[in-house]
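Asker: The chain contents come next:
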Amino acid sequence: MDSNSIGVLMTCPMSPPYLEQELDRRYRLLRFWKFPQKSELLKPHSQEIRAVVGNATIGANAELIDALPKLEIVSSYSVGLDKIDLAKCKERGIKVTYTPDLITDDAADLGIALILAVLRKICGCDLFVRRGLWKNGDFQLTSKFTGKSVGIIGLGRIGTAIAKRAEAFDCPISYYSRSEKADTNYKYYPSVIDLASNCQILVVACSLTPETRHIINREVIDALGPKGVLINIGRGPHVDEAELVSALVEGRLGGAGLDVFENEPEAPEELFGLDNVVLLPHVGSGTIETRTAMADLVLGNLEAHFLNKPLLTPVV
Amino acid sequence: MRWPSFFHRRRRKFSSPQGRNQNLHRALRILSVVSSKLMENKGVLMTCPMSSYLEEQLQKRFRLLKLWDSQMKADFLKQNSQLISAVVGNTVLGADSELIDSLPNLEIVSSNSVGLDKIDLVKCKERGIRVTNTPDVLTDDVADLAIGLALATLRKISVADGFLRNGLWKNSDFGLTTKFSGKSVGILGLGRIGSAIAKRAKAFGCPIGYHSRSRKPNANYKYYSSVIDLAANCQILVVACALTDETRHIVNREVIDALGPEGILINIGRGPHVDEPELVSALVEGRLGGAGLDVYENEPEIPEKLFQLQNVVLLSHVGSDTVATCKAMADLVLANLEAHFLGKPLLTPVV
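Chain order of the listed sequences is R and S.
Mapping of the first sequence onto UniProt numbering: residues 1 to 316, in sequence order.
Mapping of the second sequence onto UniProt numbering: residues 1 to 351, in sequence order.
Source of the hints: derived by calculation from the structure; they are not laboratory data.
Here the structure is a predicted model, which means the values were calculated and not measured.
Backbone N, C-alpha and C fix where the C-beta goes; we use that ideal spot for every residue, glycine too.
Don't take each hint at face value.
[Stated by the list, open to error] Capping the alpha-carbon separation at 35 Å, the derived lysine-lysine pairs in DSBU-like fashion look like this:
| id | chain 1 | residue 1 | chain 2 | residue 2 |
| --- | --- | --- | --- | --- |
| 1 | R | Lys135 | S | Lys118 |
| 2 | R | Lys187 | S | Lys199 |
| 3 | R | Lys90 | R | Lys135 |
| 4 | R | Lys90 | R | Lys34 |
| 5 | R | Lys38 | S | Lys170 |
| 6 | S | Lys170 | R | Lys43 |
| 7 | R | Lys181 | S | Lys170 |
| 8 | S | Lys202 | R | Lys164 |
| 9 | R | Lys83 | S | Lys170 |
| 10 | S | Lys222 | R | Lys135 |
| 11 | S | Lys123 | R | Lys83 |
| 12 | R | Lys227 | S | Lys170 |
| 13 | R | Lys148 | R | Lys90 |
| 14 | R | Lys135 | S | Lys60 |
| 15 | S | Lys60 | S | Lys73 |
| 16 | R | Lys181 | R | Lys309 |
| 17 | R | Lys164 | S | Lys222 |
| 18 | S | Lys123 | R | Lys227 |
| 19 | S | Lys305 | S | Lys170 |
| 20 | R | Lys135 | S | Lys73 |
| 21 | S | Lys327 | R | Lys135 |
| 22 | R | Lys148 | S | Lys123 |
| 23 | R | Lys90 | R | Lys309 |
[Claimed, not checked] Which chain S residues stay away from chain R? Per the calculated CB distances, all over 10 Å, these:
| id | residue |
| --- | --- |
| 24 | Asn23 |
| 25 | Val34 |
| 26 | Lys37 |
| 27 | Ala74 |
| 28 | Thr177 |
| 29 | Gly205 |
| 30 | Tyr224 |
| 31 | Ser226 |
| 32 | Asn233 |
| 33 | Glu297 |
| 34 | Phe341 |
[Stated by the list, open to error] A few chain R residues that face chain S, going by a derived Cβ cut-off under 8 Å, partial list only:
| id | residue |
| --- | --- |
| 35 | Ser15 |
| 36 | Ala113 |
| 37 | Leu116 |
| 38 | Trp134 |
| 39 | Ser143 |
| 40 | Ala168 |
In isolation and in its complexed conformation, chain S is listed as follows (with noise of 0.2 Å):
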């Protein structure tokens, strides 16, 4: 058969380096719009506001239903329910038992955070529901506060910014406050955010202990076996491990009472991993000497009586609150919607 001419020009553009290219683009582009068709359709719940970017993206890509948008939360779900194959969940307000239940058609729970404390992963596991967190993109900025916390309760930076404003320097010095560099550290859970938190923390010459559920072969820091011994042993003890039935109230008032009246309790885990009345008392009656909180058992609820101490510096769970790691992990939610959407593997599955 003789093809016709243009044909023959057509395959000697596509048989060439620069033709095969463009070839490849085209079927891209093509894929892209087909994929993005597929997408657009699929429906996706958001638990609560928590990325004005995030929302957009997702009101781009996805057919966006909004948990908070209707009043009566239980009717809004059972007119919607079986439209949603997706839930955009976080630190707030997760995918509990309920939810899902309720969700029939549930595929996956893309979370945008790295706790998972607040999904129902047992049931998840069950329904073979396919989750997935946001770890690594956060991990550096909570480190950050972490130090951040331990300077600015040691060094009473909140306290001497405000006696400054306030015209209080005029008639006084600011009193001395205690140093960190060389203060030990001891660090409840060595993951990812653990050992950057001790990465950082050596460099200011602090001897690092930890405590985790086994001995981890690769780390050059003192393990202690009891999270009891580690707060005997340690000027500053740091929450940095999973919220877990275990490891709820894991500092607890024998914990605390091991820290002691010159130790430092710095929690930017979880607000149930610290039995926060007995937190409350120790502090007000002298027991401990100070805290730098980011998280609480009540969020936004904080007890008031913390806010007359000058040795506690709170912080409203602002973690991984930066404009560059919002949108990583915004970034990392799309990619693994998008990746179950399309058959491709996840990014960063738990289950």
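With the rest of the complex left out, here is chain R (with noise of 0.2 Å):
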């Protein structure tokens, strides 16, 4: 098989370079970004398009997918697949694969570095000590993370990591899921908002679907309160940022620590000037050793597409 003649579609430039290079030698890479008229592709290449390569930013919409007729894989670098048209792949029987779990531990990581750094306020101390003003005074007291409850939305992979990182700061973990489970010792709360009264540090970590689109609401924000913090590693449309924003900037709630926006690379200005809050460019499983692990995962499903053997991570 020359698999240099196979088209593979790549739908935005992804770091580090390494995938881009290794699809570039082995496939007849097409740069999806290089055309600022996407018609301009597609029109001409459709018909030896036989993968796409996406990610959490631009994945494959049916837009994408009808442009397409030879499509016979997605193989997305990304965990989250709601830029995907799953629907639309399952009836065109067009495979899709993902990377799980390699981005469990640095999205846990991350989770839990924000708890960190938001009850701690490591970042502002870290900008008080470089502006010079630890000569004037020292910095002021913060508050403590050992022992806190930690309510975890979504005990999948990710959530589970959390809660195993979390118990080692002795906090009691209680989670909330579509149904409980059967093998964990941890506290299950039948709503979110149940959950948000009983806990004192929120993370989201489930899946983003139509039933978890705000699932952080005004009245959950309410009930984690003006003590409480919200962690979101998930995706920015879990939370109503409309009602964060209002609810940070009026006190109403303690604090955030966010890795994810409803519009990215959009955030609210409004929360630039707070101090109770660390504010992060989705950086979930941006690590150099997760990201070459993904694309050797995307590498090595794509060849065992072409080589019709069993793709390593399907989802479809």
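Each chain sits in its own coordinate frame; assemble them with the hints.
Answerer: Shown next, in the form of structure tokens:
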């Protein structure tokens, strides 16, 4: 098989450059972002393209899938699948693969990092030092992490990994999930509001679906309260961002650590002046080690598909 | 003799369980009043501002003298030296030889810290002066901060937050950082704080190694008999031992070189644990991968060369500075002072 004749469409630049370099080496790589008019790429090449490599920013929506009659596989450089029209793929018999498990540790690490950064005001203190303010007086007292109750929305791979880490800080763990998990010792709450009322730190770690859109709404934020902290390492649309912003600005919510926003790369500027929030530009799995492993999995899935072998991490 | 009837009533009252209880409470109230009176006159010298709650409580319960109230420290001490029975110090200003010598009636030094490096323990022992500190209550906060520093350094949390707030995300993604989970963690000093750090790091799948004056029989972690061996065999080196003459500059050029360009140093111990100029040049020259520092050799001075670096996180000695822990530490200081003046066993004596 001359794989260099197989057309693979990459939807947007992805770092590290390793993935693009390898795709270029192995296949006939077409870079979507080089064509300001998408039709310029799609018209001449639509018959060639047998695979799409997308990610959490640009996946494969209905429009793109419809434009690619020879599409056989979508290999996503992400674990989130919300940017892929899975129903359409199923209809067309298009295989979908993703990169589960690899980002679990990084995402969980980031969850804990955000909690510590928010409660102990690490970024604020670092800035305080770099501005030379320590000479004038001590930094303010902050809030202890150990022992605070942690509520997790979604006890999947990432939620479980967060729970395991938080337990080492003696945090009592509770969770909300579509259904109670039989093999866990953590306390289950049958509603998000109940969970929010009974924890001090609420972590969003579920997948984004139509049911979980705005799962964090005004009622949940009120239940979490002025001493509560919200950590979002899921997706921006999990949270009603306008409600979150007003709650933080008005002091109705104690603090927030956010890695995701409703309209990335836009983030609500009203939050920029607050010292009880930490705002990150969707870096959840952005480590060299993990991205390299993810790239290898994307490449491995593509290879398996084109060699008619079992896919490594299929979704559909 | 016939007892007056009121006495018989009182005797019946006292002999019932409720009566005995009331009696006990009355006795405790009397004792409490007497104790308060006793302590009100005890002169307690606070060395520097450290906690407004502690200051208020000391003011309420004792005769509080504040060393920083007076510009002329030497005169202040001369005028008040006879009055002072206790010193409350901390990591900034403790009780050195000079201070102890100037206080002839000093009975106890109650430190608002777990570290004792600012107290002349030898002199205290000589003079029969008791010393207490605040172990345990701050262990969790300091361990939390060590992990917070490691995560913030490796994942560039503060840099990323600044990147977003400065509007840079609109133009490009933030760069890739490096993973924490699974990295080997080496701990210098496996005491209360070192053990608490190890417990947390384990939950991130980090293999743990340590160096201590002696191997700990109950620890399941790999022991290294020298700091250099430990540094050569870990990716994240955490300083968590006490500061003594032996551990001054325990992290020196050789150790930094052994840790190497992919290694990270986390210091939640004391500034003098690390040879600071060597650390700065290693970081600036890229011979060390990064550092998360809560302490420095000459606080609050910090080498400004570090301010330009994105692979360091710099905090202002906030290891135990949470509202809850500050209060717990202050309560322990007060409880130790009270115990001393009431002739009871000290809660957390060092000497």
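Asker: Where does the structure disagree with the numbered hints, that is, which hint numbers, in rising order?
Answerer: When the structure is compared with the hints, numbers 3, 7, 10, 11, 13, 18, 22, 28, 29 turn out to be violated.
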